[in-house]
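Peer 1: Listed below are the residues making up each chain.
Number of protein chains: 2
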Amino acid sequence: MFMLHGRLSAKPGRRDDLLRIMTEEGEPLPGNRLYVVAVDETDADGVWATEIWESEQAHAASLRLAHVQERIARALPLIDTDGIRQQRLDARAGVPD
Amino acid sequence: MFMLHGRLSAKPGRRDDLLRIMTEEGEPLPGNRLYVVAVDETDADGVWATEIWESEQAHAASLRLAHVQERIARALPLIDTDGIRQQRLDARAGVPD
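Those protein sequences? They're chains P and X, same order as listed.
Sequential numbering from 1 applies to the first sequence in full-length UniProt numbering.
Sequential numbering from 1 applies to the second sequence in full-length UniProt numbering.
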């Protein structure tokens, strides 16, 4: 199943603000099975998102939802887009229902 | 919450054998909230495990369970221990119940 493990980089000093936006309770995301937001204590500016989607299309569709776009618009000013990294995976076992 | 995103490296040609062992249905793991096993199409020998545990101690205790040790003993001959990598994270949102 389509899985992403990615890093967003906050601008200096804005990591906790970015984290607050990314951990807000939100409306359901169709086709989403996992959306974990985490930090790495060795990476002061990073916010890590680990996502599993029923399909790559479900992920792409989520980015067009109004409530997701509104959140992205608030997060974007806090993000250093040069620091973005993303690993694409194919989850084979252990995907939550 | 204690989270690991790690890579095991299979010996050449043994990735699918390692994957089979790692995706077997098993007995419950106390304190485990997530245990996803995945592959990365750009990484022919890697098997990736993404785990969330209620505490670091729960993870350590799981490694002492007889059924886990039995599985590790079967997997170890398939693993290139030089290829092991692991990222430690602190999951802040989205952890399954």
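If you're looking for bench data, these hints aren't it; they were derived computationally from the structure.
Be aware that a few hints might be false.
Stated by the list, open to error - If you want the footprint, here are the derived chain P segments under chain X, 3+ residues with CB under 8 Å: (1) 6–20; (2) 58–72; (3) 79–92.
Said to hold, decoys possible - Per label pair, the in silico range of CB-to-CB distance: (4) P:Lys11 x X:Glu56: 27 to 33 Å; (5) X:Leu76 x P:Asp80: 39 to 45 Å; (6) P:Glu56 x X:Gln69: 47 to 53 Å; (7) X:Asp43 x P:Gly83: 19 to 25 Å; (8) X:Asp90 x P:Gly26: 16 to 22 Å; (9) X:Glu56 x P:Arg71: 19 to 25 Å; (10) X:Ala44 x P:Gly26: 17 to 23 Å; (11) X:Gln86 x P:Ile84: 19 to 25 Å; (12) X:Asp97 x P:Gly83: 29 to 35 Å; (13) P:Arg71 x X:Pro28: 32 to 38 Å; (14) X:Leu63 x P:Ile21: 19 to 25 Å; (15) X:Leu63 x P:Arg74: 38 to 44 Å; (16) P:Glu56 x X:Arg88: 25 to 31 Å.
In this text, a Cβ means the ideal position worked out from N, Cα and C, and glycines have one as well.
Peer 1: For every hint, state whether the structure bears it out.
Peer 2: Do the hints match the structure? See the list:
1. 6–20: Not satisfied, violated; 1 residues make the cut.
2. 58–72: violated (count 0)
3. 79–92: Our answer is that it holds, as 6 residues pass the Cβ test (under 8 Å) against chain X, meeting three.
4. P:Lys11 x X:Glu56: 27 to 33 Å: Given about 31 Å between the Cβ atoms, the range holds.
5. X:Leu76 x P:Asp80: 39 to 45 Å: Between Leu76 of chain X and Asp80 of chain P, where Cβ atoms are some 41 Å apart, the hint holds.
6. P:Glu56 x X:Gln69: 47 to 53 Å: violated, 37 Å
7. X:Asp43 x P:Gly83: 19 to 25 Å: Given a distance of about 22 Å, which is inside 19 to 25 Å, the answer is holds.
8. X:Asp90 x P:Gly26: 16 to 22 Å: For Asp90 of chain X and Gly26 of chain P the Cβ distance comes to about 21 Å; the hint holds.
9. X:Glu56 x P:Arg71: 19 to 25 Å: Roughly 31 Å apart at Cβ, these two residues miss the hinted range, so it is violated.
10. X:Ala44 x P:Gly26: 17 to 23 Å: Violated, since Ala44 of chain X and Gly26 of chain P (Cβ atoms, about 37 Å apart) do not stay within the stated range.
11. X:Gln86 x P:Ile84: 19 to 25 Å: 22 Å Cβ-Cβ, so the 19 to 25 Å window holds.
12. X:Asp97 x P:Gly83: 29 to 35 Å: holds, 32 Å
13. P:Arg71 x X:Pro28: 32 to 38 Å: At roughly 35 Å between Cβ atoms, Pro28 of chain X and Arg71 of chain P fall inside 32 to 38 Å, so the hint holds.
14. X:Leu63 x P:Ile21: 19 to 25 Å: Violated: the Cβ-Cβ distance is about 36 Å, outside 19 to 25 Å.
15. X:Leu63 x P:Arg74: 38 to 44 Å: holds, 41 Å
16. P:Glu56 x X:Arg88: 25 to 31 Å: Because 28 Å falls inside the window, the suggested range holds.
Violated hints, listed in ascending order, are 1, 2, 6, 9, 10 and 14; each of the other numbered hints is respected by the structure.
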